[in-house]
Amino acid sequence: MDGLKVEGLKKHFTIGGGFLGGKARKVRAVENVSLSVAPGSSVGLVGESGCGKSTASRTILRLEEPTAGRVTFDGIDVASASPAEMRRLRQRMQFIFQDPYASLNSRRSIRKTLEEPLKVHGIGDPAERRARAEAILSEVGLPRDAMERFPHEFSGGQRQRIGIARALVLQPDLVVADEPVSALDVSVQAQILRLLDDLREKRTLSFLFVSHDLGVIRHFCDTTCVMYLGHVVESGPTQEIMDDPAHPYTVLLRQSSPIPDPANRVDPPRIAGEIPSPANPPSGCPFHTRCPRAIAECRESMPATKEIAPGRQVACHLF
Amino acid sequence: MTALLDIRGLTTEFRVNGHWHAAIQDVNLSLAANETLAVVGESGSGKSVTALSALRLLPQAGARIARGEILFEGRDLAKLSQRQMAKVRGDEIAMIFQEPMTSLNPTMTVGDQIAEVLMIHRGMSHGAALKEARDLLDEVRVPDPGRRITEYPHQFSGGMRQRAMIAIALACRPKVLLADEPTTALDVTVQHQVLTLLDDLKRERGMGVIFITHNLGVVAQIADRVAVMYAGEIVETADCTRLFANPAHPYTEALLRAMPRVDRRADTLEPIPGSVPSITARPAGCHFAPRCGYVRPECGHHPALGPISGAGGSDHQARCILRAKAEEAAWTV
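From first to last, the protein sequence lines are chains P and F.
If you're matching positions, the first sequence starts at 9 in this note's numbering and goes up one per residue.
If you're matching positions, the second sequence starts at 49 in this note's numbering and goes up one per residue.
Chain F on its own, in the form it takes in the complex (with noise of 0.2 Å):
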């Protein structure tokens, strides 16, 4: 499968008290057509960050771009100007976020809203677009999308206004949907339907999504693959079966058993000790040491992200010593 969007080696850079330090570390990721892949992690994970570096969204000032790749279709959205980056934005690759109130603009009609991407990118006239975007409605399922066209966001409920951002943002049909917890913010009943309705558009539409969350439950409904993340860098990927099966990276494991499930009787809860380290006091070995019930000395020295032993054929990697593929670590170094 060729990938449509490969992050390599992308490595973000936030200034904190005059000093640069790595919001993200060497983040690899690859997206093909017709996938989904969840990027899961606690808050200050870096997974936002991620996305909000592959769309070039960071702050003129205080962040940066220190390494690293962004390829789409051969193209390296790191090195675009702001004006370039602008043209693919929103028309190849769109964004949807977590808050959907603070991301409309109050002041204008939904239809209006929706409208105006594809004015912008495809030079439609209002009338047309306004027409495509009553289409559009109707595909996220909004009922009653004639009426609803002309209404504010006030006027929609939060599921409903969710439905509306991700109709702007497939309006120029994108190849690539970033979606930043869309879910988080909407009640369980809600956020089941949002997530079929995402999964059924891009099957329909043939797109690679990003789904970044917090929820490990929403991952085991929605993805394909998954990657997660701790303290700025990716710790483990594999299928998503393989890796609620066979959690290899520590944290992974942890993150399982803490998690108070509805569909279990689980009489105590394993917490992880301690909490995320901040950007500035990040271990200098194994991000996850110090909060780790597995640690060695070893562990002392930054681990890479590679295979996995028992992995068979599959493309599953964590990043930790303990686990890795002893005899092929030998020659692959």
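Isolated chain P (complex conformation) (with noise of 0.2 Å):
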């Protein structure tokens, strides 16, 4: 058992010069990122819109091909697993979505939606299905009677709680979480990372979480990936990272966090511009056309990634 392993992982799209013309240009969303989860553990991704972190999970689950790289769940390779491998593959790693309100199927009762998974795997017999399907749901803390109802029936909260209860309910090994808590307000918010806090605790559940959120990092990862432009720029244990950024990218995030202190506020470095294009990025280090202390090799090459600290990785040639 040695959980997910992702190595060199790459995915470019094409947009454009398809038959209504306009050039031909490749967005590169993933450039390079390797991480591992080992069983039990949660790894954070963490990084601003367009940096990849979202296309990297999906690509992780091979909810999209992958260009380049190595992804292995317990030693199978996951791009060149068979149909049948796949689909007991997939039983272990599950997905949850940002949105709840999208993710579920509006037109199907929370019964329909909790027994498919098990449908579609062919385990067990409909009274057996019934069974598990109403474990879940008392374990993702909703009442009984919200089985035979349909999503539009509960708030933004419960719905997520719907969509934990569908990713459990085939007893993954590995949840991918998308996004989990963004659509909502801080005290449902709250109760969610509770929820997957106890869950993960009693089935020993391992996490890929991605977020845009440093708190809810902080609070719920062991170990975080900061990403930037398709790159993972710094990674290691998060409480380090968040206390001691090393990579000018995460110290600008973790400053530009807002922190509920007014005793405290910061003025991090006023940095010009926003994240670029990933289907233009610039030459060399990906963020030194907006890094403070960008110095004449940034623009040329990119940097290696170097252990500066046991288990902590920056991808920058100040380090």
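Do not take every clue at face value.
[Said to hold, decoys possible] Computed spacing ranges between beta-carbons, pair by pair:
| # | chain 1 | residue 1 | chain 2 | residue 2 | range |
| --- | --- | --- | --- | --- | --- |
| 1 | P | D252 | F | D183 | 39 to 45 Å |
| 2 | P | P318 | F | H350 | 55 to 61 Å |
| 3 | P | A32 | F | T232 | 34 to 40 Å |
| 4 | P | Y109 | F | P154 | 22 to 28 Å |
| 5 | F | A329 | P | T75 | 37 to 43 Å |
| 6 | F | D186 | P | A317 | 40 to 46 Å |
| 7 | P | H160 | F | R313 | 37 to 43 Å |
| 8 | F | T150 | P | P245 | 37 to 43 Å |
| 9 | P | T75 | F | T150 | 29 to 35 Å |
| 10 | P | T22 | F | T232 | 29 to 35 Å |
Simulated from the structure, these hints should not be mistaken for laboratory data.
Just so you know, even glycine gets a beta-carbon here, dropped at the ideal spot from N, CA and C.
Make one complex out of these two single chains by using the hints.
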């Protein structure tokens, strides 16, 4: 059992150049992502919009075919798995989506939603499937009478509980959660985080947790990978990264994250500009166009990933 | 300090299934020049309805201002006709919204959209207005403004669009700016840029800013004073430093404990059980009582917003029976 391992993952998309004409361009959504999620641990993937964190998580589960790189789960290569193997793998790797409104079928009762994955994977007879759906429903904190109701009858937080129940009904080993609490209010967000905490402990689940919110990542993840324009620029134990960020981008991200303490108003370096387009990434280090500490070398070559402390890796020429 | 905008006893109602229900109830807010007042709350708290009511932007049907005054420089905006109100809006009071892409016109250049405001309110010629638009884009720190005024919103990034929105809002040098979740759709690094910009502009122009947000972190970074809303009411108001150091209302306290923080190690979050009641199902007594950890039988009575015990000389008020200033409550009734 060695969990999920991702090495040198790449995912490029082609835009334009079709029937409507225009120049074909390559969007380098994911350039170089390597990470590993040990059984029972949770790894955070953090970055701003356009950094490729969602694409990376989808590619890892082979919801998108990777352009290059290797993804293995307990030694099985996800990209080259046969359809039968893939089906078994899918049972063990499940996805929780961001938007609890869009990711549930509005015409399907909660019972159908929860029994469907079991049916697809040919698990149990109808009575057993019913029992399993009921068990998971109470585990995520929804009342029994929710079973025959439809998604529109639930609040955002309750819908996210349904999304979690659907992911967990197959008893997976790994859950990939893409911004699972971003659409929720603070008070409800804490309820869902608490629920995920409890489930993780009870079922020794491992998590790949995608978020833009450093506070949520700090709370939930043991290890954090910071992404910028398709690259993991820094990774390491969450607490170290939050308290002592190394990469200039992580520093900026950390200082820009608002803290609920007016005595602690920070003034991060006033850098101009926003994240460049992955269709037209800058040369060298992807962050050099906004980096307050950029040197000549940064424009020319992509820095290699170096280990600066045990378990702590940074891709930056300054280290 | 004399108030620039003074909202008194504002109650706005929506019609749901043939009955009028109060979306916001008895809201009192006052804003001084060169001040940022943050209105913070979760969805359904009534923070946006407060702003829309103040600008008279509620839909014509199914919504009404039932009671209250919106005093702006001695005039009651609640009593103005739509035509008179249109003169005030965008001129003396301006507003910026959450999603800049849906608030900008995709078929007009950014320059024309800024110029339009000046042509309508100031009667400027197109040429003069466009020149002013260029200066405004420069003022909101959009690089290369001369070229940018000829571009369309889709050519702008998210942060640039929000800057363009701010330029439109500021074109007529408003005295009051209402900002409804202006940074929620932005990434944190860009959010910080926009917050800094708003703060600089407030100082330079001496504007009063009402900043509506759900994010307590953003509040702490930008506000001078804070009003916390829950289920259509202001439940606590205090100056920013005091509110975060000594939250008085159990809801504010719970909200701060439910927020995962980037600067602190917290192994357990304390969620608030339940969810915000809908406007048709608000409890009769204290609206927060069903979710409150300190609930007592007295909470069945609806509490008033009043000074709290231990507030000293500060203007710190909360809507909670347990935190009310006992010795004063006896004789202020």
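For each hint, the structure was consulted:
no.: 1; hint: D252(P) <-> D183(F): 39 to 45 Å; in the structure: 43 Å, holds
no.: 2; hint: P318(P) <-> H350(F): 55 to 61 Å; in the structure: 58 Å, holds
no.: 3; hint: A32(P) <-> T232(F): 34 to 40 Å; in the structure: 35 Å, holds
no.: 4; hint: Y109(P) <-> P154(F): 22 to 28 Å; in the structure: 25 Å, holds
no.: 5; hint: A329(F) <-> T75(P): 37 to 43 Å; in the structure: 51 Å, violated
no.: 6; hint: D186(F) <-> A317(P): 40 to 46 Å; in the structure: 45 Å, holds
no.: 7; hint: H160(P) <-> R313(F): 37 to 43 Å; in the structure: 39 Å, holds
no.: 8; hint: T150(F) <-> P245(P): 37 to 43 Å; in the structure: 41 Å, holds
no.: 9; hint: T75(P) <-> T150(F): 29 to 35 Å; in the structure: 34 Å, holds
no.: 10; hint: T22(P) <-> T232(F): 29 to 35 Å; in the structure: 32 Å, holds
In this structure, only the earlier hint numbered 5 is contradicted, and the remaining ones agree with it.
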